[in-house]
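One-letter residues, chain by chain:
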Amino acid sequence: MFPTKSRTDVSAGRFDWLTVAFLLGAVLLCYYLVPLLALVLSQPPGVIIQRLTRPTVVSAATTSLTASITSAAIASVFGLPLAYWLARTDGRVKTVVTAVVVLPLVLPPIVSGMVLLTVVGPNTFIGGLAAANGLQLTRSVAGIVLAQTFVASPFVVITAKAAFESVDRSLEYASQSLGKSRLTTFRRVTLPLAWPGILAGITLAFARAIGEFGATIMLAYYPRTMPVQIWVSFTTLGLENAFPVAVILVGIAVATLIVLNVLGTNPLE
Amino acid sequence: MLEVNSLTKTYDTFDFGPVDLTVDDEVLSILGPSGSGKTTLLSLIAGIVDPDGGTISLNGDRLNGCPLQKRRTGLVFQDGALFPHMTARENIGYAATDRDRITKFASLLEITDVLDRRPPTLSGGEQQRVALARTLAADPDLLLLDEPLASLDAPIRRRLRRELHSLFTSLEIPVIYVTHDQRTATALGDRTAIVRDGAIEQVGSPMAVINRPATRFVARFTGNENLFDATVVEQREDTTLLRVGNIRLQATTAAAAGTTVTLCIHPSRIQVHTPNGGDDCHDENAASGTIDRWLTEGNEYRVEIGLDDAPITLTTTIRPPSFDQLPLEAGSRVRVTIPPAAIHLLR
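Heads up: the sequence lines are chains A and B, in that order.
Going by this note's numbering, the first sequence opens with residue 6, and the numbers climb by one from there.
Going by this note's numbering, the second sequence opens with residue 336, and the numbers climb by one from there.
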């Protein structure tokens, strides 16, 4: 291993590129942090707390949390098996499937909403069938969940895939050679070792879902989620009225980072 | 008994087999260079990879199509493949819930003191002992080991070699030990199989493979660097008279007069003397020459000698104190003798 700092470098008094690099990067850091602090400090805490208790804010927070937890759960139920399959499969099919999984990440969210409307919209076969059975796939919590799952589930698949791949296959072979079934091997060897990465993926998916706006507004303007409520407050009552909900979302983002760092497997690092 | 018949597997860039192999309750060392198909053979027998053709049967039961977890085949990997989230005790207990069994194998492999530690805190040797204890605790009918000593330091490897030899002997099940290290193969194996390009070149006792290689590849791979073309001059009752350049050699292997054969002499079998030494040896198996160069390899010396009467260079190994008693340096004159039994003929 190379030493991180040599005595010669310190004593020679050379031009310190590392400090220059940090100072340049600090400009970007300020660009991230100043607006966030400005948002949090823009109004007295008492005013923000007072506005947080308004029925529209409480309703938006409840809808967002309910839908995001559901989306993250759906993404996990279907995403984890896909992630495991991708981690244990080789060849061209894997490349194609991975590309399909990544597609919602690179697609503009508003386009994702349009794409979903062509499948689950009120005038489509699936949308019509669901509506006939009493389930509205648009302008409903179901619509929000569909939009959030579409854009957030790739985080579960990609992160969990990396977590499964990090589990050496020889450990699974060793377990099976000791007489354990594939299911037991998965439960007792693969899952415990991949779990921090899987949990990180689910956390990321939840954070992405709760902040989803573009696809959600196309599928379900009502009931309002927090991002939609921010948009409505901003366009009708002005920026200040959008602050309380925004503060909640910032809090959730910070909590997400804390969870990821506690897990020790922040995939964004 | 393990029986492998016409086993084949085709990959994009590598064809394995057909391989035929029978392993009784003994240790078979599979020796070969990297990429020769050693691990493929192990993977096929273990059930990690499905063969394209051929059969594998253990104690009369056909293993083809039988899932890995039902083969009763113990697998030990190069890195141990211990479950890092479990202690050594839990690793062994994973295979055997019976407490006595854990104690028995921990005691047998001298790992009682480390049972409550997790694998990352164990040394390489301890990890391999735990891996072996875990595998044996599952009471396998067949034991497959994929270079488990390869990543260990030489002193630990030597010690484990000795211990494993007695352990394997006591198991009374077929054991296949894959390695690229000739010393490990000969130390552990009752028989050695040499693998090359997905096929078995030779199977035999370790000494037979080293002293009587079947092919040039086996000869070179087992350290027989002295390979020369020779003409069979005469086939006598129990000896064969050969000629290499102007040197006459007697060998005990039979060959038809007038044919050309390849001589194979292991460096350790060649004796080096002072220019006037070696008189007690048969004239026909003695030659004079000059040392071209020598180098130290561990505790022995590898010496290359250019012969006067033939355009060949003999490579020989000399161990102390013989080396110290000879005035050897580049340019020194020496006399070499080769016992007839040390000359093996490849056709």
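I should point out that these hints are in silico values taken from the structure, not numbers from a laboratory.
The beta-carbon is built from N, C-alpha and C at its ideal position, and this holds for glycine as well.
You may find that some hints are simply not true.
Stated by the list, open to error - Here are the in silico distance ranges between beta carbons for each label pair:
#	chain 1	residue 1	chain 2	residue 2	range
1	A	Leu188	B	Asp516	21 to 27 Å
2	A	Asp21	B	Ser458	39 to 45 Å
3	A	Ile263	B	Asp516	58 to 64 Å
4	B	His420	A	Leu110	28 to 34 Å
5	B	Pro419	A	Asn266	48 to 54 Å
6	A	Asn266	B	Lys439	26 to 32 Å
7	B	Glu445	A	Leu28	55 to 61 Å
8	A	Gly51	B	Pro419	28 to 34 Å
9	A	Pro197	B	Asp516	58 to 64 Å
10	A	Leu188	B	Arg434	47 to 53 Å
11	B	Thr357	A	Val105	45 to 51 Å
The hints, checked one at a time:
no.	hint	verdict
1	Leu188/A with Asp516/B: 21 to 27 Å	38 Å, violated
2	Asp21/A with Ser458/B: 39 to 45 Å	42 Å, holds
3	Ile263/A with Asp516/B: 58 to 64 Å	50 Å, violated
4	His420/B with Leu110/A: 28 to 34 Å	31 Å, holds
5	Pro419/B with Asn266/A: 48 to 54 Å	21 Å, violated
6	Asn266/A with Lys439/B: 26 to 32 Å	44 Å, violated
7	Glu445/B with Leu28/A: 55 to 61 Å	58 Å, holds
8	Gly51/A with Pro419/B: 28 to 34 Å	51 Å, violated
9	Pro197/A with Asp516/B: 58 to 64 Å	35 Å, violated
10	Leu188/A with Arg434/B: 47 to 53 Å	25 Å, violated
11	Thr357/B with Val105/A: 45 to 51 Å	49 Å, holds
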